[in-house]
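From first to last, the protein sequence lines are chains A and B.
FYI, in my numbering the residues of the first sequence are 1 to 213.
FYI, in my numbering the residues of the second sequence are 1 to 213.
Simulated from the structure, these hints should not be mistaken for laboratory data.
On a predicted model such as this, the values are computed, not experimentally measured, just so you know.
Watch out, some of these pointers could steer you wrong.
Where chains are identical, the list cannot tell them apart; a pair therefore holds if satisfied intra-copy or between any two copies.
No farther apart than 35 angstroms at their CA atoms in a straight line, the calculated lysine-lysine pairs in the DSBU-like style are these [to be verified]:
id, residue 1, residue 2
1, LYS193, LYS131
2, LYS52, LYS40
3, LYS68, LYS52
4, LYS58, LYS142
5, LYS68, LYS136
6, LYS99, LYS136
7, LYS142, LYS131
The lines below spell out each chain.
There are 2 protein chains.
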Amino acid sequence: MVDSRRSQRGTANLLMKQPADAHERRREICRIAARVFYEKGFAGASMQDIAKAVSLTKAGLYHHIGSKERLLYEIQNYGMDILEETVIRKVRAIADPRKRLEQTIAGHIDLIVRARDWELTVILHENRSLKGALQKKINARKRAYIHFLEETVRQVEQQSGRPALIEPRLAAFAALGMINWLYQWYHGEGRIKQTELAEAFSGFFFRGLLGSE
Amino acid sequence: MVDSRRSQRGTANLLMKQPADAHERRREICRIAARVFYEKGFAGASMQDIAKAVSLTKAGLYHHIGSKERLLYEIQNYGMDILEETVIRKVRAIADPRKRLEQTIAGHIDLIVRARDWELTVILHENRSLKGALQKKINARKRAYIHFLEETVRQVEQQSGRPALIEPRLAAFAALGMINWLYQWYHGEGRIKQTELAEAFSGFFFRGLLGSE
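Isolated chain A, as found in the complex (with noise of 0.2 angstroms):
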C-alpha cells in the first residue's frame, strides 16, 4: 500500500481513469456496496441504489464490476485479501506454532472487531448468493484459511508432548466460531476493552486446545 497515494484519495477518485488507482477504486466501491447490501439484504438492494450511494451511473457501475453478482463476489473476495493482508501475511512465517495461533486469534479478532458493520459481514453472511464458479473461488479461499488454522492447531499440539485433546479441525473451527460470532455481540464502547476480549478468548482458547499448563 503506498500511503501518499491513499491519502489523496476520495470519493472524488472514483470518477478518475488512472489504470494506478484502478485498484483503490474497486475497494471503494467494494466497500460502500457491502454496505448497502448490509443494509437492505443481498436481494434487497438494487445495482442503482448501488449505483448512487458510489457517485457512477448504473451504466458506469455495470462498467467497472459487471453484474451484482460479481460484485458480491469481489467485496467477498476483498474480505478474504483484507485477511490475508493484516492477519495471515503477518503471521505465515512464524516459526513457532504456539505463538502463530496465538497471533492468528488476536489479528482475526481485531480484523472483527473493527470491520464489525461492513463488508466483513456480508461476507459472512451473504455466502449463499454466490452460485457456481465465482462461490468455487471463494470457498477454496475459505478453506485454504481453515487448513492454515487446522495444520497450525496440529504442530500446537504435536508441540505439547501430549495426547491431543481435540481433533484439530474441530478446534479451528471452534475458533473460528468464537471470533466470527462477534459482530452479533460485541460493540468496542461497551464495558469489555477489546485488550480484555482478546486475552480471554486466547486463553480459553488454549486451555480447551492443551488443557491447563
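Fit chain B to the given chain A structure using the hints.
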C-alpha cells in the same frame, strides 16, 4: 405436543379453520416461510412467494399473519420457542450447574445440527430486518437465554472452588459462537459424527472454562 394430532396434520390442514389447530397451522406457515426467506433472502422473498409456498392466497396469508415483518417476527419467535421447548425447559430444573450446562450445550448443538438449513438460519441472520417493538421482543428473549447461560457458567465456576479463569459473559458468548457457527460448516453426513462433535465441543468448552480437572 399431542402426537396423535401431529400425525394427522399435513399441508391441507393449513386451510382448515379449527381453533385447536391454529397454533400448529401458524407453525407450519413459519417453517415453510423460513425456507423461502432462506432461499431468497428476507428482502428478496415476496408475500406472493410465501403465499404460494404455503398454499394460501396472498389475502389469506395476510389474514393469518399480517405483514412480512410480522411473519419474520413469528419465525424468530418460533425459533426461540423451539430453543425453549427442546433445550431450556429440559435443563432449567437440573440442580447441578455443571450437568445443567453440559446438557444445555448438547441440546443446543443438537438443535442447530438438526435444523441447520431452516428457520434457525433465518432467526440467526435476518435480525437486522426486524425493527422497533418486534425486534425488542426477540432481543429480550435472546438476552434471557444469554443470562441463563451466563448465570449457569458463574455457578459452575463457583462450584469448582477455584478462581474464575474467564468472565461468565465471555464464556457464554464463546459457547454460543462455537455452537451457532456450526450451521456454516458442519454436515451430519460427513466424517465427524454428531456425538463426537458434541463430546469434543463440550470437553473443549469445559477445559476453556475451568482448565484441566
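When the hints from earlier in the document are held up against this structure, which numbers fail?
Going through the list in order, the structure violates no hint and respects every one.
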